[in-house]
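**Student:** Residues per chain, in single letters:
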Amino acid sequence: MDLELTTDEKTVRDAFARFFADRCPVSVVRDAEPLGHAPALWARLRETGAPGMAVPDKHGGGGATALDLVLLMQEAGRVLAPLPLAEHLAATRTLARTPSGLAAPWFASLVDGDTVAAAAPRPARDGVARLVPGGAVADVVVALDDDQLVAVRSDAPMEAPPNHASAPLADRDLRTGERVVLADGAEAAALFARMVADWQLLTAAALGGLAARALEIGVEYTLERRQFDRPIAAFQAVQQGLADLVGPIDGVTFLTARAAWTQDEGDQAESERLASMAFLASAEVARDATYAALHYHGGYGVTLEYDIQLFFRRARGWPLVLGDPEDEYLRLADRLFGPVGAAGTEVAG
Amino acid sequence: MDFAPKPSVEEFRASIRRFIADHLTAEMVERAHRTGTFHDWDFHRTLAATGVIAEGMAGPGRATGRDPLELYVLFDELGLAGAPFYGLANAMLVAGIIEQIGSDFHIREVLPKFHSGEAIAALGYSEPGSGSDVAAAATRAERVPGHPGDEAVWLVNGQKMFTTLVHEAGYVILLTRTDPDLPKHRGLTMFLVPMDLPGIDFQAIETMGGDRTNITYFTDVHLPDRWRLGEVNGGWDVMKVALAYERGVFGNMNQGVTLLRRFAEWARTAERSDGTRLIDDPGVRRRLARIAVDNEITGLLALRPALLASQGRLPTTEGSVAKLFASEAYNRAAEACQEMAGTAGLLSPVRGDGGDWGFVDLAARDAPVTAIYGGTSEIQRNNIAEHRLGLPRAR
Ligand SMILES: Cc1cc2nc3c(=O)[nH]c(=O)nc-3n(C[C@H](O)[C@H](O)[C@H](O)COP(=O)(O)OP(=O)(O)OC[C@H]3O[C@@H](n4cnc5c(N)ncnc54)[C@H](O)[C@@H]3O)c2cc1C
Chain A
61 MDLELTTDEK
71 TVRDAFARFF
81 ADRCPVSVVR
91 DAEPLGHAPA
101 LWARLRETGA
111 PGMAVPDKHG
121 GGGATALDLV
131 LLMQEAGRVL
141 APLPLAEHLA
151 ATRTLARTPS
161 GLAAPWFASL
171 VDGDTVAAAA
181 PRPARDGVAR
191 LVPGGAVADV
201 VVALDDDQLV
211 AVRSDAPMEA
221 PPNHASAPLA
231 DRDLRTGERV
241 VLADGAEAAA
251 LFARMVADWQ
261 LLTAAALGGL
271 AARALEIGVE
281 YTLERRQFDR
291 PIAAFQAVQQ
301 GLADLVGPID
311 GVTFLTARAA
321 WTQDEGDQAE
331 SERLASMAFL
341 ASAEVARDAT
351 YAALHYHGGY
361 GVTLEYDIQL
371 FFRRARGWPL
381 VLGDPEDEYL
391 RLADRLFGPV
401 GAAGTEVAG
Chain B
2 MDFAPKPSVE
12 EFRASIRRFI
22 ADHLTAEMVE
32 RAHRTGTFHD
42 WDFHRTLAAT
52 GVIAEGMAGP
62 GRATGRDPLE
72 LYVLFDELGL
82 AGAPFYGLAN
92 AMLVAGIIEQ
102 IGSDFHIREV
112 LPKFHSGEAI
122 AALGYSEPGS
132 GSDVAAAATR
142 AERVPGHPGD
152 EAVWLVNGQK
162 MFTTLVHEAG
172 YVILLTRTDP
182 DLPKHRGLTM
192 FLVPMDLPGI
202 DFQAIETMGG
212 DRTNITYFTD
222 VHLPDRWRLG
232 EVNGGWDVMK
242 VALAYERGVF
252 GNMNQGVTLL
262 RRFAEWARTA
272 ERSDGTRLID
282 DPGVRRRLAR
292 IAVDNEITGL
302 LALRPALLAS
312 QGRLPTTEGS
322 VAKLFASEAY
332 NRAAEACQEM
342 AGTAGLLSPV
352 RGDGGDWGFV
362 DLAARDAPVT
372 AIYGGTSEIQ
382 RNNIAEHRLG
392 LPRAR
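These protein sequences, in sequence, are chains A and B. Just so you know, we're using my numbering here: the first sequence kicks off at 61 and counts up by one. Just so you know, we're using my numbering here: the second sequence kicks off at 2 and counts up by one.
To be clear, the hints were calculated from the coordinates, so they are not data collected in a lab. Don't be surprised by glycine CBs; every beta carbon is placed ideally from N, CA and C. A few of these clues could be false.
[To be verified] One-sided excerpt, in silico: chain A residues whose CB lies under 8 Å from chain B:
1) Leu95
2) Ala293
3) Phe314
4) Ala317
5) Gly383
6) Glu386
Next up, chain A with everything else stripped away, as it sits in the complex (with noise of 0.2 Å):
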């Protein structure tokens, strides 16, 4: 029991962090908007392997456990990354576990990450996945089309319809383009779970990058600034709403991190419930850590010069692309308590 890094995962999370700072100051993400995809930072991550990394090293791919991509997203989110990197991971991931997603002509590319490739979260409907996170950039796309999880592969439409998260959105038709079939049935529904929940755990890590920095940034800014003769973060009221922020974002992080290594240990019923967890309880910390340290900046907060409000705006929209929320808690109850009607189970956790 320990829920302090180990070295090897401390070395794994410093390395990333630093290639963040280096190559995604906040300049990066501003000039990614409104599409919300920088080319050259995803060149530069390619350097580093990490398209691949979710994809075991038997099939080329960098191996990594969960919770190695864990401590990558939430560098990522730190820095806001404008890359669909959740989705590409999440794909990926889904792509090695099938036969024919390891057999598709391009997932050696994807590996690499010269092809992008984008989970779509919700399953699609008449064939097609709609707002799909990545969709607008990506080669790939992997989704559940009715009863078939499909992966295809067609042009990338490079733009998206104007969005809260300047997120790289789109509609993609899954009966056009070179369609790979990976399962069917009730093996379909099973795989697609599972890359919801992959996808899941990696949003939930990067909404907790997000918090944490948009704490700092809130702590930073009242120290700075001074009314009333002193600086703002010496109001009792100020800080008592940023003391607040402290328990839930420890709590993600904690929580992330336990489910990232339950699915490790290979106990995916738990991990799964875990990541749902994870995921809610990690979008509705963003949400407030953001909502505090923007209001704390008073009316600069929302001007676009200054950061707070680019954090504001992706707590949002990273998650919401699931849907509402109040539909995951209700899929998290029948995790926990069983499908309505049913007898009684024994409360999960």
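Position chain B with the ligand against the provided structure of chain A, taking the given hints into account.
**Tutor:** Only chain B with the ligand this time, still in chain A's reference frame:
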């Protein structure tokens, strides 16, 4: 990171569960709720006989003793089982202070009584005029002029509020003002006061959550100097040790887990007026899932101080972070459960019916105090703001 439970700790957990199954009776739990006294002498002494108090807590300055994680698990399990454990927590806390700061006399005379379960302690910090500002204690201890060479004697006068369990305690640790001319934190001295000295009196205070606590009066109590804990005017140093223990390991932050378990179980049979089960209502399901998420986070945050102590490190603000989150989350959970139960959530426990009814009302009554005692939420936030976030002191 590693979330695998430590085998030694899990073995200990299993032994505590067995102990609880063998020794905790429904009458004990019922009596605790009826009287508001969350201490049971039979249970306490049987538990003490296992050596768990005497073994104490290993950590900086103490090579042997129980792994702090095991003590965390002890209170976790006692809490989940609804066992009355306040006396145990106080006894272990004061035994820990005596080991670190006590004199040979305290170690010889008093410590064995705590270890064997013969005596428990009460904590005399709060006063009518000082709660959050605990260092403003005004209870006065003055040195009585005596013959040179004789043991010094202190004359104690004042009042302590919220001295929980003082009516069962053999000793009360007492924060007193020994020098009113020194700055607030410097003029304090801590004593270990035997409750059988003349001049000590107490009166019950009952709370809406069912806890009984007390006001304790000290009137011209003659207290020999051998009962002093730590240095004269060094009371704040003793307080720091006491608070570190209290916020670190000897807490139970599991109330939300117990509440969710009971509520979910009840909601499987409880029906709404249209005959559908509560557990099948989407609104109920969402709110219960939220409580489950909060519980998961509470569990991880609460573990951290114990884990740090177990690794031989000193927890600092981690206890505040956990306590703040746990108590606020428990309040959210209790409010949600009471509302979800509807009118049934208004019904109070009826004594002697097996104790299962009214648990929602009980939780709703009990939750607010968890954000007050042991340092209010505001005080925890002050602590986090100053010592974790590095914000200026604002008091
Ligand atoms: C059931 C129960 C059992 C207890 N058991 C014990 C015990 O065994 N031993 C013991 O010594 N004490 C005990 N206490 C006392 C408890 O520790 C105090 O009630 C608590 O510390 C708050 O002090 P107070 O009640 O004087 O409230 P106050 O300090 O008067 O606080 C009132 C309100 O003001 C806020 N406030 C105060 N100062 C600040 C500040 N600086 N910044 C912002 N807000 C502030 C508080 O947060 C609170 O909301 C117990 C209390 C209860 C209810």
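**Student:** Run every hint past the structure and note whether it holds.
**Tutor:** A quick look at each hint next to the structure:
no., hint, in the structure
1, Leu95, "violated, 33 Å"
2, Ala293, "holds, 5 Å"
3, Phe314, "holds, 4 Å"
4, Ala317, "holds, 5 Å"
5, Gly383, "violated, 14 Å"
6, Glu386, "holds, 6 Å"
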